[in-house]
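Novice: Start from the sequences and build out the full structure, keeping to the hints where you can.
Number of protein chains: 2
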Amino acid sequence: MKKVADILPGLLSNNSKILRRSEIREILKLTRKPGVISLAGGLPYPGLFPVEELKDIVATVLDREGEQALQYGPTEGDPRLIDFLVQWMREHEGADIDHNYFLICSGAQQALDLIGRVFIDPGDPIIVGLPTYLGAIQAFRGYRANLIGVPVDKQGMDVERVEEVLKEYSDKGLKVKFIYIVPDFQNPSGVTMSLERREKLLELCYEYDTVTIDDSPYRDLRYEGEPLPMVGPMDKRGYAFSVHTFSKIFSPGPRLGWIVANPAIMDKLVMAKQTADLCTSSFTQAIMFEFLDRGLLKPHIDKAVEHYRKKQKAMLEALDKYIPKDAGFDWTHPEGGVFLWVCLPEHMDADILFPKAVEKKVAYVMGSAFHFDRSGTNTLRLNFSFPSKEQIVEGIKRLADLFKEEL
Amino acid sequence: MKKVADILPGLLSNNSKILRRSEIREILKLTRKPGVISLAGGLPYPGLFPVEELKDIVATVLDREGEQALQYGPTEGDPRLIDFLVQWMREHEGADIDHNYFLICSGAQQALDLIGRVFIDPGDPIIVGLPTYLGAIQAFRGYRANLIGVPVDKQGMDVERVEEVLKEYSDKGLKVKFIYIVPDFQNPSGVTMSLERREKLLELCYEYDTVTIDDSPYRDLRYEGEPLPMVGPMDKRGYAFSVHTFSKIFSPGPRLGWIVANPAIMDKLVMAKQTADLCTSSFTQAIMFEFLDRGLLKPHIDKAVEHYRKKQKAMLEALDKYIPKDAGFDWTHPEGGVFLWVCLPEHMDADILFPKAVEKKVAYVMGSAFHFDRSGTNTLRLNFSFPSKEQIVEGIKRLADLFKEEL
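From first to last, the protein sequence lines are chains A and B.
Residues 1 to 407 in our numbering are what the first sequence lists, from first letter to last.
Residues 1 to 407 in our numbering are what the second sequence lists, from first letter to last.
For the record, the hints were derived by calculation from the structure and aren't laboratory data.
Worth double-checking, as some hints may not be accurate.
Unchecked claim - For lysine-lysine, the following DSSO-like pairs were computed, each having C-alpha atoms within a straight-line distance of at most 27 Å: (1) 2(B) / 167(A); (2) 175(A) / 404(B); (3) 200(B) / 2(A); (4) 3(B) / 172(A); (5) 154(A) / 167(A); (6) 200(A) / 3(B); (7) 167(B) / 3(A); (8) 2(B) / 172(A); (9) 29(B) / 236(B); (10) 397(B) / 360(B); (11) 17(A) / 17(B); (12) 236(A) / 3(B); (13) 55(B) / 236(A); (14) 17(A) / 236(A); (15) 172(B) / 3(A); (16) 55(A) / 55(B); (17) 172(B) / 2(A); (18) 17(A) / 175(B); (19) 17(B) / 172(A); (20) 404(B) / 17(A); (21) 200(B) / 3(A); (22) 175(B) / 3(A); (23) 175(B) / 2(A); (24) 404(B) / 321(B); (25) 236(B) / 310(B); (26) 236(A) / 17(B); (27) 175(A) / 17(B); (28) 3(A) / 236(B); (29) 17(A) / 361(B); (30) 167(B) / 2(A); (31) 200(A) / 2(B); (32) 236(B) / 2(A); (33) 356(A) / 303(A); (34) 175(A) / 298(B).
Specialist: Structure, rendered in structure tokens:
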């Protein structure tokens, strides 16, 4: 007698056949062993979550508008939340936009998924960084995009190479659907894209009739230097969209992110959202709005910046102290965000080293996980937002021990 | 100088090109005119939402586990919530399943979307009711399924016709990917599928190597008669999945639904969920769990059943009193749920009548919206969960006036 597993191969979609479990999630399971210091995840530090403030905020929301907050809401999002974001984007980013540019999503991951849905047919070329955010790789692969990798160096994505790719595909009569960038303190590398490259990227979009997606989860977590403009506000023709989230500057629990895009494309994104889950939670949006309306976001970000800056400093100091740079190790010094990126000497392989690291009770994510083509085997990502300063220092010591043994 | 709207036609995916704004949403905008009694929507009655209970529940959750409730959570869902649902499904549905059968989603709409993603390639045949839930039509159309309509009569979906379709496609060498049913108090018709048809449907799945999706948002809102078994627990081979939601028995605000499916398919659904939005809100799941753990669900459902039963009675009585059945009008008498379905005399067209109804300050949804092939123009859907009893009676009177004028 047949079971459903026997008939599934004939029933599954082609898109689902290529779905893979997130490698990081499998890795994270290994790091849960007792005594392992995990520098692998990317979680915000929960001690920063405004738990106390939320008690009063939720009570206020339930008192004032409980029935509305528990009902279905508009697909586009809570209009009050959007109005706040319009103002925020004007004041902080110089963006000359109104509420028609906004869609509230269930986190930034949903934003990426909806963008994939609206732009990608199987086989469509899109440009992503080598390395880039793993969730974006998964989202775009889920639509069977043809990912084209462009190296990310210390100035961000190599736009000269982007130009070559665009020209090459254009010559073949193929359309690159979009260019996906994480310009500020990129996950995983921590690198920030230079102003010159941002400008050049936009010019390339105009020249080759394609668009750019600016994914900026960490932008407000800057520990040094001056912010560079987002690509969106530099663009007066609607070619640049951006993806944002409250996960890193508030908390991931409520699952709230947003897309800023030209109204010409917003219509499609809203319809895709309606199909995907009708609307984002009215309840968590109402809570978020009350938090913002009380003026709590800016002081909260300031507090997070102070906290993460110290942890980043601790990690950089430990790397300087314990890892022998002259033996061929190198790492980034990001101006913000929650990650550092380490390059090992060419002959070392972070995939192979990983089980040995877990034996030494320290974990990272191998850089190859962020290269869709499995390159970057001599790189790895370190997180400093979640572990304590003591864990950071001890974790780097353990890594250094391992590296020295391998030299 | 080109704007993004000029280049979009070359950039959009084929899937996005066929996306349409939900007709109901456009209709609902019309019903917001002052004085219009809307029997059009499908919103739960907000006076039932447990606002007071939630104040204490949220305070408890924030006190006990604030940091965890505001962090990312497992893609599969909060294990405590799943454990509760395992028990609930065992006790209430006789389902012999464990936690590996569960995925918590952002509402039932996301469940349908994920199922579409995992099963449908463009052009794949699937079977849906004529009529059926509009959000399912949208979700499956979003993947460009080839929808095959099978009439729904007073015993539910016509399984004889299902068999003909399955045979016809099988003979052509084509695979029907799944059969989508809303067996209990169907949206929009209110009809419940007979036990005989449920059994036959499962037999057909076995015979033709396809699966059935049982969408049951209203199942616990039964006002009379005895529950019939869900298809899932009748099935020992994993061919029947089901989709559930807290939206109608608790509130839609937290966006919480779940899928019950054989572990063989769950793996794909979990990966699709990860790609779609990483995880469902830990915060709203923790709140929901606390509500369930306090034993509040059953009494809350009982209260909702009492409330909606009275409203349904009011609507049925008003229909009996004001609408001339002998002139060719007919309507369903559902044993539960939140909708009634009205059949007009053959020569009347609910699409054409709609603007006249709004002039008379009453609104419904035309039945054609629930027929993907635009048939059913002499049918319409009435909702009794959201309006007050007084509004229901007055609304039916206004409809009756209109119908009499048209006769």
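Novice: Can you confirm whether the C-alpha distance between residue 175(B) and residue 2(A) stays at or below 27 Å?
Specialist: Within the cut-off at roughly 17 Å; holds.
Novice: Are the Cα positions of residue 404(B) and residue 321(B) separated by 27 Å at most?
Specialist: With Cα atoms ~13 Å apart, residue 404(B) and residue 321(B) stay inside 27 Å; holds.
Novice: For the pair supplied as a hint, residue 404(B) and residue 17(A), is the alpha-carbon distance within the 27 Å limit?
Specialist: violated, 56 Å
Novice: So if I understand the rule, the pair passes when the alpha-carbon distance is 27 Å or less; does residue 397(B) with residue 360(B) pass?
Specialist: Holds, because 10 Å separates the two Cα atoms, which is no more than 27 Å.
Novice: Against the 27 Å threshold, does the CA-CA distance of residue 175(A) and residue 404(B) hold or violate the hint?
Specialist: violated, 58 Å
Novice: Is it true that the CA of residue 200(B) sits at most 27 Å from the CA of residue 3(A)?
Specialist: Holds, at about 18 Å.
Novice: Check the hint pairing residue 3(B) with residue 172(A) against an upper bound of 27 Å on the C-alpha distance.
Specialist: holds, 24 Å
Novice: Is the hinted pair residue 356(A) and residue 303(A) satisfied, with a Cα-Cα distance of at most 27 Å?
Specialist: violated, 36 Å
Novice: Given the hint that residue 175(B) pairs with residue 3(A), does the C-alpha gap stay at or below 27 Å?
Specialist: holds, 17 Å
Novice: Would the pair residue 175(A) and residue 17(B) pass a check requiring their Cα atoms to be no farther apart than 27 Å?
Specialist: Distance of about 17 Å is within 27 Å: holds.
Novice: Holds or violated: residue 200(A) with residue 2(B), Cα cutoff 27 Å?
Specialist: holds, 17 Å
Novice: Mind checking the alpha carbons of residue 17(A) and residue 361(B) for me, to see if they're no more than 27 Å apart?
Specialist: With a Cα-Cα distance of about 51 Å, the restraint between residue 17(A) and residue 361(B) is violated, given a limit of 27 Å.
Violated hints, in rising order: 2, 9, 13, 14, 20, 25, 29, 33 and 34; the structure is consistent with all others.
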